[in-house]
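With the hints as extra help, turn the sequences into a complete structure.
There are 2 protein chains.
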Amino acid sequence: MNGGLPEPVLIVGCGLIGTSVALALREQAIEVFLDDARPANVEVAVSRGAGKPGPVDNPGLVVVAVPPSSVADAVAAALSAWPDAIVTDVASVKDNLGRRIAPHPGASRYVGSHPMAGSERSGPMAASGRLFEGRAWAITADENSDPRAVAAVRELATLAGAVVVDMDAGTHDEAVALVSHLPHLLSVLAAAQLNGAPAEHLALAGPGLRDVTRIAGSDTGLWLEILTGNATKVRALLENVREDLDSLIAGLDDDTNSLAGVLRRGREGTRLVPGRHGAKDVEMATVFVQIPDQPGELSRLWAHTGESGINIEDIRIDHELGRPVGLVEVAVVAHNAEALVDALTDRGWSAYR
Amino acid sequence: MNGGLPEPVLIVGCGLIGTSVALALREQAIEVFLDDARPANVEVAVSRGAGKPGPVDNPGLVVVAVPPSSVADAVAAALSAWPDAIVTDVASVKDNLGRRIAPHPGASRYVGSHPMAGSERSGPMAASGRLFEGRAWAITADENSDPRAVAAVRELATLAGAVVVDMDAGTHDEAVALVSHLPHLLSVLAAAQLNGAPAEHLALAGPGLRDVTRIAGSDTGLWLEILTGNATKVRALLENVREDLDSLIAGLDDDTNSLAGVLRRGREGTRLVPGRHGAKDVEMATVFVQIPDQPGELSRLWAHTGESGINIEDIRIDHELGRPVGLVEVAVVAHNAEALVDALTDRGWSAYR
Numbered sequence: 001m002n003g004g005l006p007e008p009v010l011i012v013g014c015g016l017i018g019t020s021v022a023l024a025l026r027e028q029a030i031e032v033f034l035d036d037a038r039p040a041n042v043e044v045a046v047s048r049g050a051g052k053p054g055p056v057d058n059p060g061l062v063v064v065a066v067p068p069s070s071v072a073d074a075v076a077a078a079l080s081a082w083p084d085a086i087v088t089d090v091a092s093v094k095d096n097l098g099r100r101i102a103p104h105p106g107a108s109r110y111v112g113s114h115p116m117a118g119s120e121r122s123g124p125m126a127a128s129g130r131l132f133e134g135r136a137w138a139i140t141a142d143e144n145s146d147p148r149a150v151a152a153v154r155e156l157a158t159l160a161g162a163v164v165v166d167m168d169a170g171t172h173d174e175a176v177a178l179v180s181h182l183p184h185l186l187s188v189l190a191a192a193q194l195n196g197a198p199a200e201h202l203a204l205a206g207p208g209l210r211d212v213t214r215i216a217g218s219d220t221g222l223w224l225e226i227l228t229g230n231a232t233k234v235r236a237l238l239e240n241v242r243e244d245l246d247s248l249i250a251g252l253d254d255d256t257n258s259l260a261g262v263l264r265r266g267r268e269g270t271r272l273v274p275g276r277h278g279a280k281d282v283e284m285a286t287v288f289v290q291i292p293d294q295p296g297e298l299s300r301l302w303a304h305t306g307e308s309g310i311n312i313e314d315i316r317i318d319h320e321l322g323r324p325v326g327l328v329e330v331a332v333v334a335h336n337a338e339a340l341v342d343a344l345t346d347r348g349w350s351a352y353r
Numbered sequence: 354m355n356g357g358l359p360e361p362v363l364i365v366g367c368g369l370i371g372t373s374v375a376l377a378l379r380e381q382a383i384e385v386f387l388d389d390a391r392p393a394n395v396e397v398a399v400s401r402g403a404g405k406p407g408p409v410d411n412p413g414l415v416v417v418a419v420p421p422s423s424v425a426d427a428v429a430a431a432l433s434a435w436p437d438a439i440v441t442d443v444a445s446v447k448d449n450l451g452r453r454i455a456p457h458p459g460a461s462r463y464v465g466s467h468p469m470a471g472s473e474r475s476g477p478m479a480a481s482g483r484l485f486e487g488r489a490w491a492i493t494a495d496e497n498s499d500p501r502a503v504a505a506v507r508e509l510a511t512l513a514g515a516v517v518v519d520m521d522a523g524t525h526d527e528a529v530a531l532v533s534h535l536p537h538l539l540s541v542l543a544a545a546q547l548n549g550a551p552a553e554h555l556a557l558a559g560p561g562l563r564d565v566t567r568i569a570g571s572d573t574g575l576w577l578e579i580l581t582g583n584a585t586k587v588r589a590l591l592e593n594v595r596e597d598l599d600s601l602i603a604g605l606d607d608d609t610n611s612l613a614g615v616l617r618r619g620r621e622g623t624r625l626v627p628g629r630h631g632a633k634d635v636e637m638a639t640v641f642v643q644i645p646d647q648p649g650e651l652s653r654l655w656a657h658t659g660e661s662g663i664n665i666e667d668i669r670i671d672h673e674l675g676r677p678v679g680l681v682e683v684a685v686v687a688h689n690a691e692a693l694v695d696a697l698t699d700r701g702w703s704a705y706r
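Quick note, the sequences are listed as chains S and H, same order.
So for the first sequence, the working numbering puts the first residue at 1; every next one is plus one.
So for the second sequence, the working numbering puts the first residue at 354; every next one is plus one.
Don't read these hints as lab results, they were simulated from the structure.
Certain hints may be false.
[Said to hold, decoys possible] The following label-pair restraints were derived from C-beta to C-beta distances:
1. H/499 - S/125: 58 to 66 Å
2. S/309 - H/596: 47 to 55 Å
3. S/69 - H/624: 44 to 52 Å
4. H/624 - S/4: 57 to 65 Å
5. S/284 - H/607: 30 to 38 Å
6. S/347 - H/662: 19 to 27 Å
7. H/475 - S/4: 33 to 41 Å
8. S/345 - H/497: 40 to 48 Å
9. S/38 - H/596: 55 to 63 Å
10. H/357 - S/345: 28 to 36 Å
Ideal Cβ placement from N, Cα and C applies to all residues, glycine included.
This is the structure we're talking about:
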């Protein structure tokens, strides 16, 4: 027993997310049992210290972390098998799932949840007890939820280091359609057009293309289940995108106002993206530093930025095209940029804004 | 005179790119004169050490760096005003421009060029002599180009630290439509949908949304000119995107094969994005390190990564939602990941893969 978490915890599904939850709980000395339709997954998770092989007779909390299409059945099975257990899941789409579970006599013991974390890798080997550190973890209780169950799932998220965000299932699905599913599909659309392009075209690519297409590299099968599970909300957004896309095409033909309108709305939209530290009103600036691409140089640079006493908000290293010299982009709060440039220049670096 | 660069160089247009070219040349002790329709821009550029106020009687090389819609006229004016000068420009679209300049009697002295660099900021204050360091610089000579002019523009790009990529103007425009203009528009489409979203929806946003929407924050007026200047090629790509978008929408309705097909093509497309060091075949891995969000901690971490002797390929700092602890993602060549985790763990860090 740790805070309000009912033990032991049974993890059903030892993939990336399930095993990561287990590892996070083990770091808090919670008793964890592991189950998976594939015994090999349990073996790997156990070998990584994620818990003991399950199932167990009388779990206090069951965390269902199976692929999206199997979640409803697995939650119902858990509610039936363990009539005293609290049950949650970690699936990316919540509303339909809740409806499917609602008729179950034990439905009040179920509270849906969704940690906003993932990886381009999958499986228990890619798991980490720190995966949820600082990330949002949505909890989608409703008026039928047992308060004891809600408290237990909130405790689970908190123990994993996540930030609890309470919302109803419908709002959750609308939110993830906008901030996760739609950006994923637009990233996919950008990346899909690259197939068949001559290598010389790609030689002109810069960091912009890399950023836009990064998330399109994720697991196709998982995303197919996520998107079809949230089809109504994703489709509504895609239809808005199709309208905007038509405006862009019309704008290229002759109606430049409609093109300008979409560009402007896009620029305004970027201001709504949560920034560093949740402080979206703080103006940031980038300081560029030239750096030889070899061990030790980053270390020297980092030591010197540390000596400057200026807090670094983000860093990006850009050394493309096989050049021996890279460019490090250091993001700082705007009013610190000049001081950082001076501090680094004094220490012999080529730094500039 | 430096290598093959004909001096003095006259920069026409002292915005971000023009002033950055001037600063890069001044670092090589090239004689540079600066001209701009707005005298204030020249003043700022001169005060930053970018050269002397121009124009000049007899420039060896004229670099036209005015907004896209004025480039053709400015190039023609330069060819007429200085009958011995070599003239180039830095505009993002090349084919129509070349056609408009071709009838000029001095057209063989003109060679188009396009440095693949920019910033979300603009104007001479944002300029930097290192802006082009390691970036591609396309040079779009044709069969009528004077070889002396081609050599001079190649020398210009090289002196600025860029990597010369020779291609014809049509190929260039097709390439930038794919690797720059289209990703920009898809980023805009993702960001545009955020307008009007409730703050609680945005609370679930993670690094994926930030990456996809970053470049949509750039200057709207400049992008309007770039996109209308490359309308034919961008439109062709947008029409492909519209087809794929329709497949996605159909896939959400019932034809999951068409949805899966686009997801797969997107994932395959990400493999074509040039990676670090142009070495796209090297498998990378990410090591996560937990770090208190205060000055000095990054410095310590960087010092310790330096001691490990392992070369760091990229770093990303992720500390969202107002948490005092951040997560640093350190990218290394995959076979070094375990060693880096060990080295950092030995030194007291919470590091994991």
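Quiz item: Quick one: are residue 309 of chain S and residue 596 of chain H within 47 to 55 Å, going by C-beta?
Solution: The hinted range 47 to 55 Å holds for residue 309 of chain S and residue 596 of chain H, with Cβ atoms some 54 Å apart.
Quiz item: Can the suggested window of 19 to 27 Å be confirmed for the beta-carbon pair residue 347 of chain S and residue 662 of chain H?
Solution: The hint (19 to 27 Å, Cβ to Cβ) holds, given that residue 347 of chain S and residue 662 of chain H are roughly 22 Å apart.
Quiz item: When you take the CB atoms of residue 475 of chain H and residue 4 of chain S, is the distance between them in 33 to 41 Å?
Solution: Since residue 475 of chain H and residue 4 of chain S have Cβ atoms about 54 Å apart, the given range 33 to 41 Å is violated.
Quiz prompt | residue 624 of chain H and residue 69 of chain S - C-beta distance against the hinted 44 to 52 Å | solution = Violated, at about 27 Å.
Quiz item: At the C-beta level, are residue 345 of chain S and residue 497 of chain H separated by a distance inside 40 to 48 Å?
Solution: holds (45 Å)
Quiz prompt | residue 357 of chain H paired with residue 345 of chain S, Cβ distance criterion 28 to 36 Å | solution = The hinted range 28 to 36 Å holds for residue 357 of chain H and residue 345 of chain S, with Cβ atoms some 31 Å apart.
Quiz item: Using the C-beta atoms of residue 38 of chain S and residue 596 of chain H, is the stated range 55 to 63 Å upheld?
Solution: violated (38 Å)
Quiz item: Are residue 499 of chain H and residue 125 of chain S spaced within 58 to 66 Å by their CB atoms?
Solution: Since residue 499 of chain H and residue 125 of chain S have Cβ atoms about 60 Å apart, the given range 58 to 66 Å holds.
Quiz prompt | Range hint compliance [Cβ, residue 284 of chain S to residue 607 of chain H, 30 to 38 Å] | solution = Given a distance of about 45 Å, which is not inside 30 to 38 Å, the answer is violated.
Quiz item: Should the hint that residue 624 of chain H and residue 4 of chain S are 57 to 65 Å apart at their CB atoms be regarded as holding?
Solution: violated (46 Å)
Of the numbered hints stated above, those contradicted by the structure are hints 3, 4, 5, 7 and 9, listed in ascending order.
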